[in-house]
Amino acid sequence: MPRPLVTCVLVACATAAGARVAHGQEARDARDDGVDLVVFHGPAAPSTRASAARARVEARARDTGLAWLDLSPAAPPTSEAPVKLRAGIDAYDELRWEDARAALTAAADEVWRTGGEGLSTSELSDVFLYRGLVETQLGNAAHAWDDLVRASTLVPTRTLDPMRFAPRTVEAFDRARAAVAALPRARLTVAADAACAVAIDGGAAAQAEVAHGEHVVRVACPGRAAWGARVVVAGDQTVAPPDAPAPAPPDDETLGAEARVRGAAAVLVVTVTDAAPDPTIVLRVVDARGRASRRASIDLADADATAALDAALDRLLAPAAPAVIVRPDDAQWWQSRWVWLAAGAVVTAAITIPLLAGDDGGDGGTFTVRPEWTW
Amino acid sequence: MVTRAGAALALVAVAGCGDPAAEVAPVIDLPAAGSEADPMLTIDAVELSVARAGDEAPLLSASFARGEPLVLAGVPAEDDLVIHLVGRAGDVDVAYGRTCRFALSLDEPAPAPHLWFTRIVRWADAAPPVVPDRRGGAAWTTADDTLAVALGEAADGPVSTVEVFDPSGATWRGTAEVLPRRGGTLAPLGDGRAVIVGGRDPGGAAMRAVEIVDPLAAVDGVDTIDDPRLGLDGTAAVAVGDGEVVVIGGRDDAGPVAAAWRIRVGDDGQVEPPRQLVSTLATPRAGHTLTRLSDDLGAPVVVIGGVDAAGEPVATAELYRPLGQAFSPGFAPPMVVARSRHVAARMPDGSVLVAGGVDATGAPVTTLERFTIDGGFVVAGELPAGAGLVDAALTELPDGRVLLSGGRTDEGAAPVELAYVIRLDPLDGSVDVIETDDLDAARAEHVAAVLCDGTVLAVGGDGASTADRYQPPPAGRR
Numbered sequence: 001m002p003r004p005l006v007t008c009v010l011v012a013c014a015t016a017a018g019a020r021v022a023h024g025q026e027a028r029d030a031r032d033d034g035v036d037l038v039v040f041h042g043p044a045a046p047s048t049r050a051s052a053a054r055a056r057v058e059a060r061a062r063d064t065g066l067a068w069l070d071l072s073p074a075a076p077p078t079s080e081a082p083v084k085l086r087a088g089i090d091a092y093d094e095l096r097w098e099d100a101r102a103a104l105t106a107a108a109d110e111v112w113r114t115g116g117e118g119l120s121t122s123e124l125s126d127v128f129l130y131r132g133l134v135e136t137q138l139g140n141a142a143h144a145w146d147d148l149v150r151a152s153t154l155v156p157t158r159t160l161d162p163m164r165f166a167p168r169t170v171e172a173f174d175r176a177r178a179a180v181a182a183l184p185r186a187r188l189t190v191a192a193d194a195a196c197a198v199a200i201d202g203g204a205a206a207q208a209e210v211a212h213g214e215h216v217v218r219v220a221c222p223g224r225a226a227w228g229a230r231v232v233v234a235g236d237q238t239v240a241p242p243d244a245p246a247p248a249p250p251d252d253e254t255l256g257a258e259a260r261v262r263g264a265a266a267v268l269v270v271t272v273t274d275a276a277p278d279p280t281i282v283l284r285v286v287d288a289r290g291r292a293s294r295r296a297s298i299d300l301a302d303a304d305a306t307a308a309l310d311a312a313l314d315r316l317l318a319p320a321a322p323a324v325i326v327r328p329d330d331a332q333w334w335q336s337r338w339v340w341l342a343a344g345a346v347v348t349a350a351i352t353i354p355l356l357a358g359d360d361g362g363d364g365g366t367f368t369v370r371p372e373w374t375w
Numbered sequence: 376m377v378t379r380a381g382a383a384l385a386l387v388a389v390a391g392c393g394d395p396a397a398e399v400a401p402v403i404d405l406p407a408a409g410s411e412a413d414p415m416l417t418i419d420a421v422e423l424s425v426a427r428a429g430d431e432a433p434l435l436s437a438s439f440a441r442g443e444p445l446v447l448a449g450v451p452a453e454d455d456l457v458i459h460l461v462g463r464a465g466d467v468d469v470a471y472g473r474t475c476r477f478a479l480s481l482d483e484p485a486p487a488p489h490l491w492f493t494r495i496v497r498w499a500d501a502a503p504p505v506v507p508d509r510r511g512g513a514a515w516t517t518a519d520d521t522l523a524v525a526l527g528e529a530a531d532g533p534v535s536t537v538e539v540f541d542p543s544g545a546t547w548r549g550t551a552e553v554l555p556r557r558g559g560t561l562a563p564l565g566d567g568r569a570v571i572v573g574g575r576d577p578g579g580a581a582m583r584a585v586e587i588v589d590p591l592a593a594v595d596g597v598d599t600i601d602d603p604r605l606g607l608d609g610t611a612a613v614a615v616g617d618g619e620v621v622v623i624g625g626r627d628d629a630g631p632v633a634a635a636w637r638i639r640v641g642d643d644g645q646v647e648p649p650r651q652l653v654s655t656l657a658t659p660r661a662g663h664t665l666t667r668l669s670d671d672l673g674a675p676v677v678v679i680g681g682v683d684a685a686g687e688p689v690a691t692a693e694l695y696r697p698l699g700q701a702f703s704p705g706f707a708p709p710m711v712v713a714r715s716r717h718v719a720a721r722m723p724d725g726s727v728l729v730a731g732g733v734d735a736t737g738a739p740v741t742t743l744e745r746f747t748i749d750g751g752f753v754v755a756g757e758l759p760a761g762a763g764l765v766d767a768a769l770t771e772l773p774d775g776r777v778l779l780s781g782g783r784t785d786e787g788a789a790p791v792e793l794a795y796v797i798r799l800d801p802l803d804g805s806v807d808v809i810e811t812d813d814l815d816a817a818r819a820e821h822v823a824a825v826l827c828d829g830t831v832l833a834v835g836g837d838g839a840s841t842a843d844r845y846q847p848p849p850a851g852r853r
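These protein sequence lines are chains A and B, in that order. Here the first sequence is numbered in this note's numbering, starting from 1 and rising by one per residue. Here the second sequence is numbered in this note's numbering, starting from 376 and rising by one per residue.
Honestly, I wouldn't trust all of these hints.
As the list claims (entries may be wrong) - Just so you have them, the derived chain B footprint on chain A, three or more residues with Cβ under 8 Å: (1) 107-115; (2) 166-177; (3) 248-261; (4) 365-372.
Please keep in mind that the hints were generated in silico from the structure rather than gathered at the bench. Just so you know, these numbers come straight off a predicted model, no measurement behind them. By construction, the Cβ of each residue, glycine as well, lies at the ideal position given by its N, Cα and C atoms.
All chains should be modelled from the sequences, with the hints used to inform the complete structure.
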């Protein structure tokens, strides 16, 4: 039997059989748009609003039985400086100098890397003060002096309690404080958008008069990874965070591939942009070929954003089709299997007999290109 | 109900299978006989092939000598198919044509796609537009792959007619009517509609109406939003994806502005009122260009050139990042030659080629420069003498090259008919500038845009009342 003919017979039989199976299925979930995967992409450090929106979408996805895939960039690791500082001070109090130096050096490295994340101004100063004290105990006077100057640069008004620290320690720190006080001062400015949280030496400010020397700045903008750095001030200075672009969400082609890999007919793509002034959540249905069809866009700053999000999810995730229950008492004549067997036989015969009898080798299911052109 | 539908589908399947004689009859359109673009005198064989759009390899292909009937059997019923026709003289490809993409379905009548078959790298006359003397204006691709043209001025004032060129049949038709405005900027929304902002009305008053035009709508093809803040001359707008357009800079009655707005399509398909961004340009400017650095969602947009409040060309570029809805602070790479009235196009590697324009002295600029986000601006080459430096069109071709057509050698000079294909050398970042066929008519302030079949349509402009259609080489156009 020619291959096109076999194909035709199979198509016809499969169509009829499929219809029968569909009819008899008792409780079938079938979303009209075929969405069975939700892909989320949001900022690495989301705002409260963005987190709430993500939780809402994820809950709906799980309730609806949809696969959930979060492709958001990983959140940056939290600074360990506070823990290391605490460990360093404990070791110092217990006279474990090497342990104290290791912990405080780790804390200092974190301070320089993160711009002092998680530490107040006095705690920032503590990192270098205690390391300076440890270096003093270990006989490294030069290193000790540098750290005491750093500690005093961060908090120029700081003094040591003579009841707690040894007299020579207090004296050494006073000398460092005097040296810092003699340094010229300069204006340190951090250029960042108004929506960003800016800290200089652990204090919330975008501009400060500081002593010449080492300082730390930290900038946290909505929708972007926080940035921090050490700044060596030697005059009026303006620093700006590097313009690292927010990680882009995956493109539609990638999403289509994700859908195909998972056997999904379509993907609901949820993208949260957490930037001021319009934090936005965009929902789009992308089919397995990477083509976007329907979409919704909601301003998360709106008062009714939650209701709008729910409505958008209702619209884009069409509810499961109502259960179809077959009750024998209600069965119609056309629901009899015998009727279907007979109909199937008739259809099969209708296909095969004419084609077998009159097969001319034609390409059923294909076309012929024949330009109306002579040359 | 389900069973009856199933039975109907089975019958449809039977009916489809029982018609093995379905035929596609593409219509071969040819340029005027005897013209330089006419392929018929030179070719001695043709290759007819069917491929999936974008695929290099054909699904089916066959060659035919002169006089043989062209038949290609066994074409599968699929979406996104194209037909290629290559004309050969000896073993050399000298002519080419491709259809726009079409679908074959057993349930639908077979289409009759048109194929514009001409000598390659040749311009040929195309059908004259509805408005023959349109100067300026802008073009965009509509939802059904036709090309719409709007804005511009004619002899009797600003043009309000939006007209559409249909490559199938090579015909023009007038569709929507927009408000007549001098200047004005247009940006496609990506769904076939376009946003028009700025310019001045025929009386010289700032045009505060923002129009959203759908050239294919049977009725009510234009929506209007009134926003006095957008009554700007020399503003620029660009689509940033996902149904959003950003409008940056321009000049109000007080001079160039630094403000930017975004206009986006709402959930219901309606365009929302413009929203002004918090972030602004570092340098207020007008007459600049905006170029998106890729087609990805969130791709940055580079702002190049234009003039500042003193009327001097702005020497630095700026970068707008759509995801943050902000301009990058401190991003100000200096141009090699500060200029305005230039043209810019994105190259295949994501860099931006800047050509032409005038410098601070008003002299035309021959230096080509290329912008990359990491390296700023560098000299990429020089345009040859005689090339259009102002009022020229720079068109991105499907294979990554760009076509510089027409223009003037200097402000006030006569239009030229010269055209050049510019290709990026990816090894050293320089560009090759190769002169190609002259336009059939010298033109400046025209529109040149790529059609869905890969050809370039040049229409309007000072000096020409017809349209020209360019056949780029077939490589890279599958």
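Going down the list of hints, with the structure as the test:
Counting residues of the region 107-115 of chain A whose beta carbon lies closer than 8 Å to any beta carbon of chain B gives 0, which falls short of the minimum of three for the stated coverage. Coverage of the region 166-177 of chain A by chain B is violated in this model, with 0 residues showing a Cβ closer than 8 Å to a Cβ of that chain against a need of three. Look at the region 248-261 of chain A against chain B: 3 of its residues bring a Cβ nearer than 8 Å to a Cβ of that chain, three or more, so the hint holds. With a cut-off of 8 Å between beta carbons, the region 365-372 of chain A has 8 residues touching chain B; three or more are needed, and the interface restraint holds.
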